[in-house]
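Novice: One-letter residues, chain by chain:
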Amino acid sequence: MVYLGSVICLPEGRPPRPLEFPKPASEMHRHSVQKPRVLVVDDERILADTTAAILRRAGFETMAAYDGFSALDNAASFNPDYLLTDIMMPVMNGIELAITLTKMYPALRILLFSGQAGIANILEKSSRMGFEFPLLAKPVHPMKLVESLKALREN
Amino acid sequence: MTQSKTGTRPDRPDLSIEGIRNFLAAIIASSDDAIISKDLNGIITSWNDGARRIFGYVAEEMVGQPILRLIPIELHHEEDFILSKIRSGERIDHFETTRMKKSGEKFPISVTISPIKDESGTIIGASKIARDISERRRLDDSRYRLAAIVDSADDAIISKNLDGIITSWNNGARRLFGYEPEEIVGQSILTLIPNNLRHEEEEILRRLRVGDNIEHYETTRLSKQGEIREVSITVSPIRNAKGEVIGASKIARDVSNQKKVERLAIEAEKIATTGRMAAAIAHEINNPLASVLNLVFLARQPDLSNQEIRDFLETAESELERVSHIARQTLGYYRDTGKPSEVHLKDLMENVLSVYRSKLLAHDITVESRFTDLRKIRVRTGEVVQIFSNVVCNAIDAMPHGGTLSIRTTRIVRTEGDAIQVVISDTGSGIAREHLDKVFEPFFTTKGNLGTGIGLWVAKQLVERHGGQISISSSTDRGNSGTIVTMTFPFRGAEDEGVGSGRER
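Just so you know, the sequences run in chain order W and U. Take the first sequence: its letter number 36 is residue 35 in my numbering, and every next letter is one higher. Take the second sequence: its letter number 284 is residue 393 in my numbering, and every next letter is one higher.
A couple of the hints might just be wrong.
What the hints assert, rightly or not - Calculated from the model, a selection of chain W residues having no Cβ within reach of chain U, i.e. all distances over 12 angstroms:
(1) Arg56
(2) Met88
(3) Lys102
(4) Pro105
(5) Ala106
(6) Ser113
(7) Phe130
(8) Lys143
(9) Leu148
(10) Ala150
(11) Arg152
To be verified - Selected chain W positions facing chain U (in silico; Cβ < 10 angstroms):
(12) Leu46
(13) Ala75
(14) Val90
(15) Thr99
(16) Leu107
(17) Phe112
(18) Pro133
(19) Pro141
(20) Leu144
(21) Glu146
Said to hold, decoys possible - Quick list of simulated restraints, FRET-style, between CB atoms:
(22) Glu324/U with Ile98/W: 52 to 60 angstroms
(23) Thr481/U with Val145/W: 51 to 59 angstroms
(24) His140/W with Ser433/U: 19 to 27 angstroms
(25) Ser580/U with Val145/W: 27 to 35 angstroms
(26) Arg542/U with Leu151/W: 32 to 40 angstroms
(27) Ser126/W with Lys369/U: 33 to 41 angstroms
(28) Val145/W with Glu430/U: 24 to 32 angstroms
(29) Glu123/W with Glu423/U: 35 to 43 angstroms
These are computed hints drawn from the structure, not numbers from a lab. Note that the coordinates shown come from a computational prediction; the quantities given were computed from them, not determined experimentally. Just so it is clear, CB atoms sit at the ideal spot from N, CA and C, and this is done for glycine as well.
Just chain U, with the same shape it has in the complex (with noise of 0.2 angstroms):
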């Protein structure tokens, strides 16, 4: 409509002083910022919609009125300084201060003041443009409030780009990893992470850029000076303001300890296992010893005839025989090096049931075996052996008045790799339901004092070493109760281990 009263063209802007005036006057109505006007001697001239909504005057109000109304009395001294400056016809820039409400609520603002000239340049007031800092310094203080936070922790926190770029670092990532903020920021994330483990992280960035959450991921990762740091992650996206996903944050928390701590608990049951295997083996060979013993005093006896003698000797070698087997067969894996070898598990379960035998025979359990494994596999022998003692020695526990112990090992077919399974079943009383769900807890036992509750725990971490899985079942219905432990220990799982890792001693 405008056009057609001016009769300017649409294309062309309006340059007549009045429409550039009107031009002014739209953008000062509309602006979100007070825009205030004044004469020298500080009193308001123009007060625009932006003042009225955030000082809460409108025009009528305070245009005529000294400009210290909105200055809390304690700043009125900056007004003389504000008006000296003005009149010598420089620019306040930025003027972070504190103004007062019509509400006389005082609040957080920053201003901007020029001077206003005339046509023939001199000045005859102030113009001030000034905007409500409440917000921004809320978020601030929020601000400075959580990195103070993310600074005092003991946990590193570092922040990364969808790149793997390092953008943030604290306190706890300087003390984790030994790095300061201004080596590492800008640094790739894979500087951390051993060279055989940097799969992780394009795993770790494909399920970022999802937006999933990944947490307590148990890895090791490197310090400066090269040295292993076993840590727990958990990687969290950082989304913009749309949403979008723009980085991750991972917080990383040092268990070396308790890594150190599980360590020491799995060193002391496989004393605490060699120790129980001792004795039962002990129990074995000094049986036919006792035996031998007798029966060589028995030969050397003076009124013998040839024949007697030789009765007597001949069952001393066969019992010595016995000594030779049992001990070939128990003793053989404390030769176990810790480096995996290719061996049948059959002949493992067979050392660990010769070990128990007389246990087994005194105990009145029947075993029933069905070895179909035919394939060698490759794994750690004494940590399997002590596995299955474990479950074999938990299995006689639980069948103090007889039963029968099963025991298959069969090769399964799967498709991230065959693996062989073992499966050990009992008769006995089996485990309560509200127990089930611990018995691969640390210090769990239901034995009292004679379990250590860590039998099972570490049978856990051993068949998980080998890349294996570990489950349990059981039930106490009467007449039909039992337990039965199935594990898989795949073809390709003790070579897996990462030299790097910082799980090998």
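Isolated chain W (complex conformation) (with noise of 0.2 angstroms):
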């Protein structure tokens, strides 16, 4: 959102420095073992990237990405196993992202992870399309992150 004029006062707080997290010893030899992948999504950077951060530690390879096109993009690359994404992002939702990447990967598993309680319509929109996925309501703990991800491998 681009707010022109000079009077708004976005409510961030000071702009998030990038930050470099740091690569787990074994991720060197990731191409040794082969780790579930999961893709990563959302428009809020630090939560993407911390949550890589914190899967990469749990063993899993990731990739994050903080919208749904570069999300595409990078799918084909990274050909992943799991797709964990947000709902509410600008451009093309969670739920549009994960009705595409299914019809692109049937293998893919899918996990939505969203802070809002006001995404019934979204919701309600995919499952009339024959869509039903898994939500984690935000926030959420990271081991719980974790327990999720690895139910959804077991199932």
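These two chains come separately, so use the hints to put the complex back together.
Specialist: Right under this line is the structure:
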């Protein structure tokens, strides 16, 4: 969102500094073991980056994307087993992304991740189209997130 | 000419028997009433012009005929009674009965019958003065009919004179206000008007005197028990036969129930707005909270350097600042007590914009705002946040594929007192011309199942409660479509709400 004029005070506080998240040592040998791959999509960059870092520590291979289109672009090369995506995002929402990727990769497992109660309409629309995706409510403890992804793998 | 014959002076009445007889004959001939004389056997002895007009017979037809010819057969017994009264020297005053015209038509009549005596005082006959009262009967009938209608009406129907004194009081008025007619007729209409609304009566009387009608004016009145009655009143001037205004009729309808329903609808919408805003706020708060959870979790991992830990914690700190900022901005209005307070309207607008920040972002909507209202204004903040929220939500809904939301607040100078004007415009799909008139009506929506149809209606009620106005203009022209909502909030608006007006809960 672009605020023209000088008067609106954005509620973000100060802009987030770009973070370098440390990669665990095991990352160096990731090609030796076939790790499950998670594509993490959230327009909140800090949230996408920290979630990816946590999942890497939990033994997943991860890629973070900050909007639906770059997620689509990267999916082809990254070849994910899981999609973990926010719902309310500009341009392309998480459901649209999930539906598109499901059609491209039928084996892809999907977990939605949302902080808003007011997404009932979007969910209803997708279920009318025949798509039901599990949903986690933000905020969620990192351990719970990892468990949910693992449970998805076992199902 | 008469004076030269008789030799009397012009300023002196002719008191000769001949003169008096002529004088009386002239009166009888010119009377509108029928004046008939008869002897003691009931035979007609004289018949004036009035009798001809009323009964249809000329004198030649009737003189010498029995009076019974004028009386319907079933009433012939009346004549025996009349004659017996006359013989005993009694007079019959304003006896209402039925008589028959030459055409056979029966009609109502009022008769006064007096005995005629000769010089010695012997009764020799009767004079009969008869008046056709069919017109009066008709008027009476319609008056009784109107009275019955007035009395059976559910509405209070009251008449008063130009001094504001109550002159009639129907059953509906008794039910609505609790006074019996005996208690209130003759009292001032001000008895019914709350003290703080007494100026209304002067205005009503002023408009009545110039002959204006006042229609469906919504106000409040007091019952005998001192309870507030919410009424819609219509006042019309009452004119006399010359067309002069001599008073007013006032119809008051109890709209308390209707008002109660309206207030419930407003309350329901407030809850719905709160729900919508809470969902939006939840999103704004849950995202940074989720980041903080992740950052703290990462910071306590065992294999990190101090620098890495510090970086995580600093980022967590700034995310927490963001949460506090949003909470301060968006949750503040929940503390609204319903009492007016001094605020900058731009602050309230910014609160609303921060609540819907994500939604605006998700819809790719650019916000352009220019706030030049530097003066604080006294408003009920919760209500104004609701008004802005409703209008901004409509703008967002109108721009599902992006656009520009433009917001201006300016101070405007007017003769009736300065105000702040708020203009919210979007570049959305616009509202069709045929819908534009209805957008402020309750339960009108163009959003199908997604709309409740009361957002703008509630906005209008709330703006008006602040003494302001709201208007809307829109275009659906392709490439140039959009909607502009203009609101004014007078600087002295919220304070003016009368204590006794019954609009406060």
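Novice: The structure should be examined with respect to each hint, and the outcome stated for every one.
Specialist: For each hint, the structure was consulted:
1. Arg56: Arginine 56/W not clear of chain U: closest Cβ-Cβ about 7 angstroms, inside 12 angstroms.
2. Met88: For methionine 88/W, whose nearest Cβ neighbour in chain U is about 6 angstroms away, the distance does not exceed 12 angstroms, so it is violated.
3. Lys102: Its Cβ never comes within 12 angstroms of chain U, the nearest being 23 angstroms, so this holds.
4. Pro105: holds, 28 angstroms
5. Ala106: The assertion about alanine 106/W holds, with a minimum of 28 angstroms to chain U.
6. Ser113: violated, 8 angstroms
7. Phe130: The claim holds: phenylalanine 130/W sits with its nearest Cβ about 19 angstroms from chain U, beyond 12 angstroms.
8. Lys143: Violated, since 10 angstroms does not exceed 12 angstroms.
9. Leu148: Given a closest Cβ separation of 14 angstroms, the condition holds.
10. Ala150: holds, 19 angstroms
11. Arg152: holds, 21 angstroms
12. Leu46: Holds, because the Cβ-Cβ distance from leucine 46/W to chain U comes to roughly 5 angstroms (cut-off 10 angstroms).
13. Ala75: This interface hint is violated because 25 angstroms lies over the 10 angstroms limit.
14. Val90: holds, 6 angstroms
15. Thr99: violated, 17 angstroms
16. Leu107: violated, 23 angstroms
17. Phe112: holds, 8 angstroms
18. Pro133: With a minimum Cβ separation of about 17 angstroms from chain U (threshold 10 angstroms), the hint on proline 133/W is violated.
19. Pro141: holds, 4 angstroms
20. Leu144: Hint on leucine 144/W: holds, closest Cβ of chain U at ~9 angstroms, below 10 angstroms.
21. Glu146: violated, 14 angstroms
22. Glu324/U with Ile98/W: 52 to 60 angstroms: holds, 58 angstroms
23. Thr481/U with Val145/W: 51 to 59 angstroms: Distance hint for threonine 481/U, valine 145/W holds at roughly 52 angstroms.
24. His140/W with Ser433/U: 19 to 27 angstroms: Taking Cβ atoms as reference, histidine 140/W and serine 433/U lie about 21 angstroms apart, which means the hint holds.
25. Ser580/U with Val145/W: 27 to 35 angstroms: violated, 55 angstroms
26. Arg542/U with Leu151/W: 32 to 40 angstroms: violated, 52 angstroms
27. Ser126/W with Lys369/U: 33 to 41 angstroms: holds, 40 angstroms
28. Val145/W with Glu430/U: 24 to 32 angstroms: holds, 28 angstroms
29. Glu123/W with Glu423/U: 35 to 43 angstroms: Distance hint for glutamate 123/W, glutamate 423/U holds at roughly 41 angstroms.
Of the numbered hints stated above, those contradicted by the structure are hints 1, 2, 6, 8, 13, 15, 16, 18, 21, 25 and 26, listed in ascending order.
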